[in-house]
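**Q** Put the two chains together into one complex, using the hints given.
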Amino acid sequence: MAQKEEKTVVNDIDRSFYDFRFEEKEDEIFKVDEGLTEEIVLEISKEKGDPDWMRDFRLECLKTYNELSFPQWGPSIDGLDMNNIITYIRPKEKKMAAKWDELPEDIKNTFVNLGIPKAERESLAGVGAQYDSELVYHNVKDETAKLGVVYTDIESALHGPYEGMIRDHFMHLVPPTDHKFAALHGAVWSGGSFVYVPKGIHLEIPLQSYFRLNAPGAGQFEHTLIIVDEGAYCHFIEGCSAPKYNVANLHAGCVELFIEKGATLRYSTIENWSKNMYNLNTKRAKVEEDGKIEWVSGSFGSHVSYLYPMSVLSGRGAKSEFTGVTFAGAGQDLDTGTKVLHNAPDTSSYINTRSISKSGGISTFRSSVVVTEKAKGSKSSVACESLMIDDDSRSDTIPAMDIRTSDCDIGHEARIGRISDDTVFYLMSRGLNEEDARALIVSGFADNVGKELPLEYAVEMNNLIRLEMKGTSG
Amino acid sequence: MSEELLVVKGLFASVDDKEILHGIDLTVKSNETHVIMGPNGAGKSTLGSVLMGDPRYKIDKGTVKLSGEDITGLTPDKIAKKGMFLSFQNPIEVPGITLSNFIRSSIEARTGEHIRVWDFKKRLESLMKVLDMDPSYAERDLNVGFSGGEKKKAEILQLLALSPKIAILDETDSGLDVDAVKTVSDGIREYKDNTDGALIIITHSTKILEALTVDRTHVLVDGRITKEGDGSLVDDINENGFENYLR
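Line by line, the protein sequences give chains A and Y. With our numbering, the residue at position 62 of the first sequence is 46, and numbering never jumps. Numbers given in our numbering equal positions in the second sequence, counted from 1, plus 12.
Only chain Y is shown next, with the shape it has when bound in the complex (with noise of 0.2 Å):
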């Protein structure tokens, strides 16, 4: 029996006294993996923002608990701390830190332990190496100059490194070629392989989809969750489209 690791109950968010999210409720168990699809401008993305704690939201009603502790209002760090990640839609480029000594101080941050050197260069090298990206990218500053892919893959290389209990990975695939997300999914699988970590999903399309098992989805229209259903409901949508979730 695996534990309930996220729930959230009856949610209700906004960004300047504009509701966004009418009272969202979503329960996750470790291991599973959850996909939520969506017309555009639904709040797939803000919900994502929300439970990460980001601070241009506030959070209006309803509680969000991870192991059982309440996280409701607490700092993106503390929330990370717990064992959240947000793989972000547009990474931000921060000039003046590597990738590599990034992912290292955010494992001591969550941690509080200080790890080797020469330990942690190992381990990021290999992890590199399951998402095929050239080593010299961990030298580089934080996704500055890196293209669209290049910035996908290094969200994703900090999941693995992370490691953390619940991933919410938004629109990781979105414009990204081919044989990208084929990288970008070996490395999701690579997390969930290793781990017993959850998966949130955020997604346009299911290409990314392919390679994994779909425990549950959830439609989310207008800031609702209108229709949720096994993983046979993805390619549902993918056939016929949104048009008969909306109300």
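Isolated chain A, as found in the complex (with noise of 0.2 Å):
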């Protein structure tokens, strides 16, 4: 049937548009020493006036982290020396603005050539952007603020009135010795967002919060804690880049999402750092009875990756939906999936995935569904499916399951495949060149996703679908 006379072989492409990068003077820059000592934990805490428990927490969290072990079971990270990791760095002139004109160039324009102070303007509710370590500019629209809403960075919300909300909540539903990035985590964490939608309100338009590595050597560490409150809706957004360096860059980044009753929130990522990037991300929503966490989820960027959100059924009917999409070309390794628990009666969740690997890229599905004695009447379905562009790349799909009741309604489904070629001359039949015949292949492949995605967000994965594919006439 099919022949090849030759080994498909696919290049790879250039994708220095992410990394431009503004240099800023060693003098204009505040940062920790590399690794991770107590005097460093304490350096940080001191920085950010730290309430006290906050200190005693970020300390509890070393000692955890230096008791826990490195993962066993995923990708090497054998790249990544602690040591050589800045935990902490900002710029020196530590000020967050309101206004894109108040912050330095440099910061301003990196900013700018990613587009983000124009989706601000045009679609969104209110935008948060972390620079390194700190968050430098937050703005909400008056609109949002007048409902209620808050959306702030976490450190402004632990010196006022939220910090016992805060505290009820911050690393609650990921403690820090769920894993060893977890502790890392609680102990050098710095930047991310606090959101607050209270009972009954429906936030139409996004909210979204981009995060910029931009220092080479440096982890980036935010912590994103939002509360949906009763009946309120919500869509929270997360972009990420960083240019590419030769150094191993971290992001051990942690986000707790708490759906209250009814409540929905959706939650959507674009994650497209930079190649040297080890993304050990932790993400856990809580929902409760009749609510639903929907989540979104484009991996395109990082060297390794370990990232598997956590939806934790807790209340009767809760809903979880998982949609996620994950590109690994050339060198990166990308572990990819999600987890859910079922842990009261009439829960549902719903998984699907597809995930693509090019140019000896590895990219692994990973899942666990666990259904408990106490969740009966529950749903769950699972579809993944993984495309193979060429002969060098791999894809691998571990789904596992713990079903402890007999009276729920289990499906899974996974497929592997490649680009046929019997689809690749059909189109080419019509007049398009191969390239575009791929590359639309691909954005069909993966349009689960994109249509679940903002469209501006969806065009984008697009782009980067058809850069990954730029060169990839087999």
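These are calculated hints, taken from the structure and not from any lab test. Heads up, a few of these hints could be off.
Looking from chain A toward chain Y, a few residues come up when the C-beta cut is under 7 Å (computed) [claimed, not checked]:
id	residue
1	214
2	412
3	414
Glycine is no exception: its CB is placed at the ideal position from the N, C-alpha and C atoms.
**A** Right under this line is the structure:
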């Protein structure tokens, strides 16, 4: 049947668009020494003016960090030497801006290049922008603030009326003992956002945070804490990028989402870290009765990723939807997926992912669905499809299920494939060249995620795919 | 006098080192309608795919010329741009692009010119009417979830929208009910009436040919053309089968 005379080889592409960087002078930045010691943790805590409980929590986390071992089961993180990572780095002039013009020129230009101020004007209710370790820009539209919606950097929130709320939630869902990088996060976290949507408020326009890690050899450890109160709705978008360096960078953020009774949160991510990044991020949502979490996750960047957003369905009728796409190119080992814990009756989860690998990239889908005895009448459906663009690439699927009640409805479907020669021929026979035909097939393959994204992000995702597929004439 | 549009000379083609076409000669002039008949596995579909430049087949010998230009070994997109069209026996489902956007991209790729969305929409709507297609299909993903009949109609819709110089219809009538065959052949007549394009119809049955004037019939057996004649050959095969042309 199908005959290919030569092995398909797909060239890698130039993604230098994200690599621009405005050089800062050494004396304009403040940073701690490389590595991780009690002194460094105390220095960060002092620098941030932590309340005492937070300082003590950090030290506790450091202890846990030293006790836990590195994960032994996923992609190799041998290239990551914690002694070389700068855990805290920020521009010396520490001031949160509420207007882009108030930012230092180089930082402002970075975000202008990434199109953030424009997106804010056109389609967002509020924006936070983090540059290395600190949020440098924050602004919420008046209409949004009037609804009682709180969207601020987490440090300010710690020093205001929401301190108690933060203390009651901070790393309660992702305890530092969860894994080594959760402990690391607890010790050196900095930046991130706090969002509170009051009861019954429907925030139709999304909020967005953009994370930019600009310094070589640095780590970013932002914490995102979102509480959507009863019956409320919110859409939160995060975007991330970094220029490429030859040294390892580390991202160990933590996202904790609390979705109260009857509330819905949509959490969208387009992750496009540079390919020297170790992305060891932890995201978790706790969903109460009739609440719903909708994860939309696009993973395009990073050298190594461990990313499994988890939904804890703890109230009757709670729902989780996870839609994800992962694209692993040359030198990338992306281990992504999701976890769901059904811990109440009549809960449901729906998982739908696509992964694409090319030029020797490795993409692994890993999922875990646990249905406890309490979760009678629950439903879960897992569908994952993988596409390998060439013969050098690899794709694995590791779905795990632990079902403790017979009164539930569980479905699983996995498919691994290649771009079919039939389809390429069909599209080319109408006049499309091979590169366009292949890009179209891959975009179509990832379309389930594209459809879930706000338009401008769908366009960005398609551009990324197009960029990645350049020069892939097989 | 119509010009020689497609000239195939001594064409040998193989897949996985297995020769399937053993020296095909075929000349089609503009405005002509040719029919290729033959038993299953004779290489009819292979011939269509090879002419369209399917890279899975290797041309071992021979030449293919379109409007006097040598197109042997060109990629399918280049052959398409020179005016050839293949209606697939099994049209492929492609999620992520709508039928309408696909046809528009195809026209733009072939002509290198941008077409105005509004003009295109109007034209597509009127063509869909000819084929008795529900206009909502234009906004559905290409062939995804289409019935067998709708897929074939979508192929003919592309034929009409792209108006190629020559179209190869590979078993366009197979698997269709009587009404659908009638609609599809109306579409094919529309193409014949409005262009001076030529047709090569690969078929098992004669239903689709009823509304068309056949200029030339070729019988393909085991990768060779074993008999050629005018339109009456179709009736002969219809009555007596391929028995007389096997060798």
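**Q** Any hints from earlier that this structure breaks? Give me their numbers in increasing order, please.
**A** Of the numbered hints, just 1 does not hold.
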